[in-house]
Amino acid sequence: MLQLNSIDIKKQRKFVLVWGITFLIVFPLLITLGLLMRLNQGEEIQLGMDRFYTLMTLHGLGMAGVLYSMAFAALWYLIGTRHTKLNLGLGYFVYFVVLLGVIGLAYATLIGKFGAGWYLLYPLPFKGTNWPAWSTGLSIVSLILLGVAWIIGILHVVYALAKEYGGLTNLLGWQYLGKKNVQRELPPIVMITTISLVPGLIAYLAGAVFLFMNLFQHFEPALSFDALLLKNLAFFFGHTLVNITLYCCIGWVYALLPEFTGREWKTNKVLVYSWNATFVFILFAYFHHLYMDFAQPLALQYAGQFASYLSAIPATAITMFGVITQLYHSKIKWGIIPLTFLIGVAGWAIGGFSAVVDSTIAINKVLHNTLWVPAHFHTYMLTGVVLFIFGFLFYLSHTKEEQEKDKTAKIGFWLFVIGAHCFIATFYTGGMNSIPRRYADYKGIPINSTHTTGALLAQIAAICIGLLLIGLFIMYGSIFNKLRKGKNIPMVPSTNT
Amino acid sequence: MNFLSPLLSIQSFAAIISFIAAMLVVVVVIFLVITSSTEEDKYSVKHKVYKLRSRYFFALVICIVAGLFISLRLLPYAKFQSEPDETVTVVAMQWAWKIAPGVTDKNPVDFTGGSEITVPANKHIRFVVTSSDVNHDFAIYNSKGLLVAQTQAMPEYHNALEYIFPEKGDYHILCLEYCGLAHSIMSGIIHVN
Ligand code: HEM
Ligand SMILES: [Cu+2]
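As given, the protein sequences belong to chains A and B, one line each in that order. Start counting the first sequence at 1; every next residue gets the next number (this note's numbering). Start counting the second sequence at 1; every next residue gets the next number (this note's numbering).
Among the clues, some could well be false.
[What the hints assert, rightly or not] In the SDA-like style, the derived pairs of lysine to any residue whose C-alpha atoms are separated by at most 25 Å in a straight line are: (1) B:Lys-144 - A:Ala-362; (2) B:Lys-144 - B:Glu-167; (3) B:Lys-123 - A:Ala-295.
It should be emphasised that the hints constitute simulated quantities derived from the structure, not laboratory data. This structure is a prediction, so every number in the text was calculated from the model and none was measured.
Model the full assembly from the supplied sequences, consistent with the hints where possible.
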């Protein structure tokens, strides 16, 4: 157990609040872009195609970037106050570089009209574009900034932990696999952090290669790269980023849920095996994004489906059953924090299942690039990751008693959850009806029923988004109210693990 | 080919099992909330849940093996295709389809073809799909608006998509990979007779 004095804890707390408040400001702005997109698809407003794709690009990049950053910051706080010392100077450096990258992206999209989508497929940013070349350049440079910041952050956290626990293999829990008694217990959050961030590091390096190739292309138009190779790199980067954001959140669920159930959640052999398996699945699952590229080697297509299917085993049999072991007959008081965790895990399960369905090649051939795809990832992002993040923010702002009594927070929470699931249901229904994703509107579809169904679903979605926004702001009220009083600082870290 | 048709589209199948799974999750959540109001010793809880877990584990492994076994025989790739009765060349460009019968050795940029083509019903048709600029996706929709087959159109690569049109009438082509500004209006028609 790390011993920090209260001044250091306060500093760490301030640091994570800077991230948290940035998140709380940016998140509803990005939701508003989603609302505008749905309104345009519902033919309620007229954005024009160029503006639609600009907003889509900013929404996708922004959400993926901000949620990962927030998840990373939350882990940083829990690790930095409980398990090993982390350098705040470096932390703030990461923060400002990320901020710079986000501002660059906002400028490149909103002013520069960059609109190649959040996963940009080479050579789209360079051919037939309706935006100036500088905004492509600025976007690439901004993404490189984000990547560099994230890589530095990961290296610092993993290095500090490795020093604390005696090497990387100890962070992966391998000491549990031998015959010898374990010298020092490994908290699950430390193992999960490692298993999320190290694949992340590998993926960001691949992302860096991808981005630099794009940058070379930007400066030297005569170049020509292999589109399939760059698509592999783009998805290895993009898929892994989104995937590990969720696993990061699971890290703090392991750490915090026991504080409310009073039941410990410790590392053991089974946990080590299952999370190490997850490590491998994270690296190979991304192939399921290239099923419809028939030119991709067949073995990789198989690898995609195998990894995607198998990842369900550790996720459900270990983590979800772990949650059941925590909660069943626990006499837990359902305050807002354990509630966000339980409902978040449910969202993860629902989104995960529909993802596995879509990762079946024989099914993917009719669901690929329909609204089913945004459906599944919005499920585990919006009703998974976002809820876990709110759980963490409630943890920062509320004492244990406060979070039990806070009715306002619960009302906001349920409005948000119901609105979000209904909003996502319009995506699933769209996927089931073969409505394409990434269509500015459905007017150009020559099949009448497809056009009208798509537009109707978008209109319904807009109402659900309204509901979800109301719930969101009620939760904001609760968090800021408690933060302003600020009396409960600092929360004593648990001694559970 | 659709392994369930004509009873049920693949899309409906996917939606139904996903919905059932989601309801199952809801039931588990409600169950956990209700049962959490009483208290039991954590060791006996652990014992009970672990017993359930090992059963779940075996059931899941069986489902996964069965799922892989069934679904991996239904792949759309070249290795699983038969000799075509007819071949059609498709070149995607920003933002139109160039389609013509037969194979071609022309450069995709110079290739000429219209956005419509006529093919016979109940024959193996092979579409050889590529792109002359950015990534696109060649997707075939039937007259009811159901997506029935697709493949990516990638510059420098040729993807062979095989499909047997079961009914006469018009099928539509949509682009399913974002390819720039006019992506959503990039369509074509396949007349089947
Ligand atoms: C209430 C909240 C949200 C709303 C209303 C919303 C809405 C939308 C809409 C309408 C689209 C375009 C769908 C299409 O036609 O292809 C979209 C795409 C997307 N959204 Fe969201 N979204 C929300 C939350 C999130 C969250 C939490 C994430 C986190 C990662 C996210 C990430 C994305 C991404 C990556 C795309 C794909 C963009 C692309 O295709 O380039 N969204 N969203
Ligand atoms: Cu397109």
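Here's how the hints hold up against the structure:
Restraint check: the Cα-Cα separation between Lys-144 of chain B and Ala-362 of chain A comes to about 21 Å, which is no more than 25 Å; the hinted pair holds. A hinted pair counts as satisfied when its Cα atoms are at most 25 Å apart, and Lys-144 of chain B with Glu-167 of chain B qualifies at roughly 12 Å. For the hint pairing Lys-123 of chain B with Ala-295 of chain A, the CA-to-CA distance comes to about 24 Å; that is within 25 Å, so the pair holds.
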